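J.: Sequence:
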Amino acid sequence: MKGFPIPLILAFTSSATRRASAFVPQPLALNNGRNYQVSTNKLLATEKKDDVSNNILSSLQLPSPEVVKENILEGNVGERGETYVVAQFSLLFCIAIGQAGDVVTTILGPVFIVAGLILVYKSAADLKDNLSPWPVATDPKAGRGSLINEGIYSYIRHPMYAGLLLGMTGLSILTDSITRLLLTFALYLVLDAKSDFEEASLVKTYGSDYGEYKAKVKSKFFPLDVKSVFTNR
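With the sequence shown counted from 1, adding 382 to any position gets you the working numbering.
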């Protein structure tokens, strides 16, 4: 190294040392292990979040329309608690619009009218050959009369009169008429007296059979247990 200045030699040596140190192997295996562990934890956390999201979405999923339709059509009409459902949604509708008076007039009135008409028709159909405007028993010796204790008559003894009262009450509500309502009450008094006269005739015609029927079906116009009409219990 003769002839080279000392400072130049020292500078060259220091530069070479720094370059050599750049090629010294680092603990790559340790760093790679740490990076792998971090990536694994992140992946597990992501999968856990996805599972939670899927569980939440599945819990919020509604049943298919086909299943709902099958549930609606299942069971026998009159035995599924339809009365409660109608009452529930009627009250919800009243609460939503905040005006119960108009709802009672426009909904309850027609409902009573239709129910009364149905009741009158069903009563006439169940009476069959016994149907007559006169409050006397049809003579069974004539081949037409018989004691009817089935159908609607197994719940109330005078369903046709009940249908008339129900329909007239609905008409009074629909027309918002106090006069009609008072006349409906007068009609009730007339039908009550008429039914007593009719039952006296039925006792004469059918004797103890009608007495047993009357003891079994205690309601004259409206069932004491309204629930029994809709649940057949």
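Check before you lean on any hint, since a few could be wrong.
No more than 30 Å apart at the CA atoms, straight line, and that leaves these computed lysine-lysine pairs for DSS-like [said to hold, decoys possible]:
(1) Lys576 to Lys598
(2) Lys576 to Lys602
(3) Lys504 to Lys600
(4) Lys600 to Lys576
(5) Lys523 to Lys586
(6) Lys510 to Lys451
(7) Lys523 to Lys451
(8) Lys586 to Lys598
Here are the computed distance ranges between Cβ atoms for each label pair [what the hints assert, rightly or not]:
(9) Val467 to Glu594: 43 to 49 Å
(10) Ser528 to Asp558: 42 to 48 Å
(11) Leu565 to Gly593: 48 to 54 Å
Simulated from the structure, these hints should not be mistaken for laboratory data.
Keep in mind the model is a prediction, meaning the values are calculated, not measured.
Beta carbons are placed, not taken as given, at the ideal position from N, Cα and C, and that holds for glycine.
J.: A separate judgement is required for each hint: does it hold in the structure or not?
T.: Evaluation of the provided hints:
no. : hint                         : verdict
1   : Lys576 to Lys598             : 21 Å, holds
2   : Lys576 to Lys602             : 12 Å, holds
3   : Lys504 to Lys600             : 20 Å, holds
4   : Lys600 to Lys576             : 17 Å, holds
5   : Lys523 to Lys586             : 14 Å, holds
6   : Lys510 to Lys451             : 37 Å, violated
7   : Lys523 to Lys451             : 52 Å, violated
8   : Lys586 to Lys598             : 18 Å, holds
9   : Val467 to Glu594: 43 to 49 Å : 36 Å, violated
10  : Ser528 to Asp558: 42 to 48 Å : 43 Å, holds
11  : Leu565 to Gly593: 48 to 54 Å : 34 Å, violated
Hints 6, 7, 9 and 11, counting from the list given before, are not met by this structure.
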